[in-house]
Amino acid sequence: MNAPIRLLLADEQKLYRDGLTTVFSRCGDIKVVGQARTGSEACEKARRARPDVVLIDTRIPEMDGVSAMRSILQELPSTRVAVLTESRSPTDLLDAVKAGARGYITKDVTIQTLIDAIKRIAAGEAVIMPNMASRLLDEFTAMARTRDHEAEALETDSAKVTERERDVLELLVQGATNRDIARKLLITENTVKVHLRNILEKLHLRNRQQAAAFAISSGLVRLSREEAVARQR
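Each residue of the sequence shown is one higher than the one before, starting from 2 at the first, in this note's numbering.
Keep in mind that the hints were calculated from the coordinates and are not lab data. Among the hints, a few may not be true.
The calculated lysine-lysine pairs, modelled on DSS-like cross-linking and capped at a C-alpha distance of 27 angstroms, are [said to hold, decoys possible]:
{"no.": "1", "residue 1": "Lys-32", "residue 2": "Lys-108"}
{"no.": "2", "residue 1": "Lys-120", "residue 2": "Lys-32"}
{"no.": "3", "residue 1": "Lys-161", "residue 2": "Lys-99"}
{"no.": "4", "residue 1": "Lys-108", "residue 2": "Lys-46"}
{"no.": "5", "residue 1": "Lys-99", "residue 2": "Lys-120"}
{"no.": "6", "residue 1": "Lys-46", "residue 2": "Lys-32"}
{"no.": "7", "residue 1": "Lys-161", "residue 2": "Lys-108"}
{"no.": "8", "residue 1": "Lys-15", "residue 2": "Lys-185"}
{"no.": "9", "residue 1": "Lys-32", "residue 2": "Lys-15"}
{"no.": "10", "residue 1": "Lys-46", "residue 2": "Lys-120"}
{"no.": "11", "residue 1": "Lys-185", "residue 2": "Lys-203"}
{"no.": "12", "residue 1": "Lys-120", "residue 2": "Lys-108"}
{"no.": "13", "residue 1": "Lys-99", "residue 2": "Lys-46"}
{"no.": "14", "residue 1": "Lys-185", "residue 2": "Lys-161"}
{"no.": "15", "residue 1": "Lys-15", "residue 2": "Lys-161"}
{"no.": "16", "residue 1": "Lys-15", "residue 2": "Lys-46"}
I would like the entire structure built from these sequences, with the hints used as guidance.
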């Protein structure tokens, strides 16, 4: 006979926690090894009890559920964490998934559905209720479209930069002053200022630091391995 799933319940409402604890005690497959009212208490009790599954609400006092999940998973990466909540917010759902939640369950499900979900999560599956799955897909689709739009805008802006302006950006990334740039490109400092002004206007940037960062992130200027290492220090 398999050992029961060790479960930690984290919810602000004691009556709700006690009710689920009673139900699970009759199930036999799930054993509640701890209860928590707050996010910080959930972290502390998870550290002590080392449960197989933590079932946590997104909206609890002191430390929200998502922050608590991150903290628990950082210390106990093998523990499965799932959300049990009234929230149907796509933002809450996406934040929970990003934090590492293996399940997102709304409180209107039946007890049997909840028990089945806990068993599946403990077995390593990911469980999202059908009424929330489409919202998650909508959120990821919106994020993908935003990234595509930003990538297109980045490519368009990069194409506006002339070869000479690329030369200026390359030296700018290296930390060269206007005088250094002028000397190396055999132009006047005033011409360097004109190039820099044009670059900032074309790329919708405010200063030379932003221009240097854009040049690197867009691929306009490629750092050598040594330069990349130096920038990380």
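Hint-by-hint comparison with the structure:
no.	hint	result
1	Lys-32 <-> Lys-108	19 angstroms, holds
2	Lys-120 <-> Lys-32	12 angstroms, holds
3	Lys-161 <-> Lys-99	36 angstroms, violated
4	Lys-108 <-> Lys-46	23 angstroms, holds
5	Lys-99 <-> Lys-120	22 angstroms, holds
6	Lys-46 <-> Lys-32	15 angstroms, holds
7	Lys-161 <-> Lys-108	53 angstroms, violated
8	Lys-15 <-> Lys-185	72 angstroms, violated
9	Lys-32 <-> Lys-15	17 angstroms, holds
10	Lys-46 <-> Lys-120	21 angstroms, holds
11	Lys-185 <-> Lys-203	23 angstroms, holds
12	Lys-120 <-> Lys-108	17 angstroms, holds
13	Lys-99 <-> Lys-46	23 angstroms, holds
14	Lys-185 <-> Lys-161	23 angstroms, holds
15	Lys-15 <-> Lys-161	61 angstroms, violated
16	Lys-15 <-> Lys-46	16 angstroms, holds
The earlier numbered hints that this structure contradicts are 3, 7, 8, 15.
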